[in-house]
Amino acid sequence: MIYTKFELKYKKFVSKYYIILMLIPIMIPMIILFLGGLISGLLQSFGYFPLAGLRNFTFSYYLKLITDKGFIHSLIFTLQVSVIPTVIGAIISTLLAFSMRKRFFGRKLLKFIYKLPLQIPYMVTIFMVIVLFLDSGLAARIFYHIGLISSPSEFPHLLYDNYGIGIMLVYLWKQIAFSFLVIYSVMLGISPEYEEAAKVFGSSNWQLLRYVYIPLMMPGIINASLLVFTFNFASFATPFILGKTYPNTLPVIAYLSYRNAEISQRPYAMAMSTIIVLISTLILFLYIKIGQKIRYMPTEGEK
Amino acid sequence: MSSLFSLARRKNFVIFFRKAFLGAVGLWVLVPFIPLFMWSFTKSWFWPSLLPNIWGLRAWRYSFSPYSKIIEAIWITILLALVVTFLNIIICLLPARALGQRQFKRKQFIRLFILSPLIVPSIAVALGVLDIFIRLRLANTFLGVAIAQLIPTMPYMVMMLSAVFENFDIAFEEQAKSLGAGPIKTFFYVTLPMIMPGIIAGSLFTFLVSFNEFVLTFLVGGGKVITLSVLLFSFMGGEAGYDFPITAALAIIMSIPGIIFLFITEKAIKEEFFALGFQ
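Chains as they are written, first to last, in numbering that gives the first Met the number 0: chain A, 0 to 302; chain B, 0 to 278.
I should point out that these hints are in silico values taken from the structure, not numbers from a laboratory. Hints are not guaranteed to be accurate.
What the hints assert, rightly or not - Listed next, the in silico DSSO-like pairs over lysine-lysine satisfying Cα-Cα at most 30 angstroms (straight line):
| # | chain 1 | residue 1 | chain 2 | residue 2 |
| --- | --- | --- | --- | --- |
| 1 | A | Lys8 | B | Lys106 |
| 2 | A | Lys288 | B | Lys104 |
| 3 | B | Lys223 | A | Lys243 |
| 4 | A | Lys8 | B | Lys223 |
| 5 | A | Lys15 | A | Lys4 |
| 6 | A | Lys10 | B | Lys68 |
| 7 | A | Lys63 | A | Lys288 |
| 8 | A | Lys198 | B | Lys18 |
| 9 | B | Lys176 | B | Lys68 |
| 10 | B | Lys18 | A | Lys110 |
| 11 | A | Lys107 | B | Lys104 |
| 12 | B | Lys104 | A | Lys15 |
| 13 | A | Lys15 | B | Lys68 |
| 14 | B | Lys18 | B | Lys106 |
| 15 | A | Lys243 | B | Lys68 |
| 16 | B | Lys176 | A | Lys4 |
| 17 | B | Lys18 | B | Lys42 |
| 18 | B | Lys223 | A | Lys10 |
Unchecked claim - Label pairs and their computed distance ranges (CB to CB):
| # | chain 1 | residue 1 | chain 2 | residue 2 | range |
| --- | --- | --- | --- | --- | --- |
| 19 | B | Leu178 | A | Ile213 | 38 to 44 angstroms |
| 20 | A | Glu153 | B | Gln107 | 20 to 26 angstroms |
| 21 | B | Lys68 | A | Tyr47 | 54 to 60 angstroms |
These numbers were taken from a predicted model, which means no experiment stands behind them. No residue lacks a Cβ here, since even glycine has one placed at the ideal position from N, Cα and C.
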């Protein structure tokens, strides 16, 4: 074939920069929207906010935040509300995966049921928790019929409370499905030979779980927990609806200061959202580190 | 003999305990759906009765009446999800091909960057994006929400498409070209049918994530783009003034796509991918 000089140049250009050219369509939205959004927030958190006449870079917003009692309180509240359901969920999911390691009648159906919350939107779960645990909700009515309380006001406040119990219930309900799926798929990779060997040496079920399965499932358990923790930590809708104005989680506080009529509050909102991003990036980093370990898991026994 | 007997008893106990535990978790998942259904068929339900005092179809009649906000929100949500899915296919096709077929420097890094919106909190992204969109006059518009929703959905589309491209044999395209097909014909008659499974899987994920998305829609849409999740949120906004039956009906409607998705993916898609649809 005969090419003109221009065509040759074009072909050379395309083959030289093929990868970059191919990646352009996704890099434009990723850089402008995703990175751009994060950087614009970062700049504002350092006090660069021309709209409000602020142009000097300063750490003062971060300094003020970390010395602020309200912020520290909210941070602790956020950690508390995210860690507790993560740990409880991990324990339940590990036991579930262990209990389902052998085939039995109805295993498939059970697995389907456990997966169900994964695809139910958070918003729906929030409403379920409201219906069940409001002062006059179904749980309170059952308490009344058992004779534990005589009016709705005696029912303990589980929603809009100081401990974030309603928030944790939503998280727990949603995430057992996720942790279970991750841990279960790691468990499927564990060769049954380990169990046979352990049984030969006369180990009980408990010993089997404690000394054989948990160590082997550990990378999966940690991985699932890290992801679940990040989701909880950054979740906005759940604490916004089920929490109080104060104390509440960092994403909610950040949003409230963003929406504050005083535009000078904006850098605080952005500093908080930067801290949220930093913490989740740290966890992403841990996740990758542990994810590399997971590849060394024995896989002979898979399905 | 006696030790054997106690061993058998212990085994029975373990089996019973296991069954009870599996059943309890199953109930914990399923029981919250029951009051949801009961409320949606309630006309009035007073304290302290355990069942609705008067059953009724008011909530469902309202949901599907021509004046209902719910019907309007259903159409907006579906239209939005379709636009987002379509944009995603166009945006992700070429990058997924490069990622699936070529080896290049910093590939892992780029892959990680593209997947990072799955982990980086959308509230932080949303607050930043909102500022940019206000300047671009995209805030409070349908188009703005559609563009913003690309952020949480692109990772799924790229993952699904690049997985298909990893097993894609270029020889088929070259064959078509050598037989005289132009690039457009080659794409529509050879490439597209071959990558169809990836496009379908990616679209399913994109559609569902967009359908359920709340934070970006709420912030970028600014109350002007009312999808089902924004509507459900507004129904739950204050402590007072709940309309439980209508909210319950809306919650049930919102759960349907996810449940359909579960049935579809039960056999078709690998579990690891599936687990990522969590957010």
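Comparing the hints with the structure gives:
| no. | hint | result |
| --- | --- | --- |
| 1 | A/Lys8 - B/Lys106 | holds (27 angstroms) |
| 2 | A/Lys288 - B/Lys104 | holds (20 angstroms) |
| 3 | B/Lys223 - A/Lys243 | holds (26 angstroms) |
| 4 | A/Lys8 - B/Lys223 | violated (50 angstroms) |
| 5 | A/Lys15 - A/Lys4 | holds (17 angstroms) |
| 6 | A/Lys10 - B/Lys68 | violated (55 angstroms) |
| 7 | A/Lys63 - A/Lys288 | violated (33 angstroms) |
| 8 | A/Lys198 - B/Lys18 | holds (21 angstroms) |
| 9 | B/Lys176 - B/Lys68 | violated (52 angstroms) |
| 10 | B/Lys18 - A/Lys110 | holds (14 angstroms) |
| 11 | A/Lys107 - B/Lys104 | violated (43 angstroms) |
| 12 | B/Lys104 - A/Lys15 | holds (14 angstroms) |
| 13 | A/Lys15 - B/Lys68 | violated (54 angstroms) |
| 14 | B/Lys18 - B/Lys106 | violated (47 angstroms) |
| 15 | A/Lys243 - B/Lys68 | holds (28 angstroms) |
| 16 | B/Lys176 - A/Lys4 | holds (23 angstroms) |
| 17 | B/Lys18 - B/Lys42 | violated (38 angstroms) |
| 18 | B/Lys223 - A/Lys10 | violated (47 angstroms) |
| 19 | B/Leu178 - A/Ile213: 38 to 44 angstroms | violated (59 angstroms) |
| 20 | A/Glu153 - B/Gln107: 20 to 26 angstroms | violated (58 angstroms) |
| 21 | B/Lys68 - A/Tyr47: 54 to 60 angstroms | violated (41 angstroms) |
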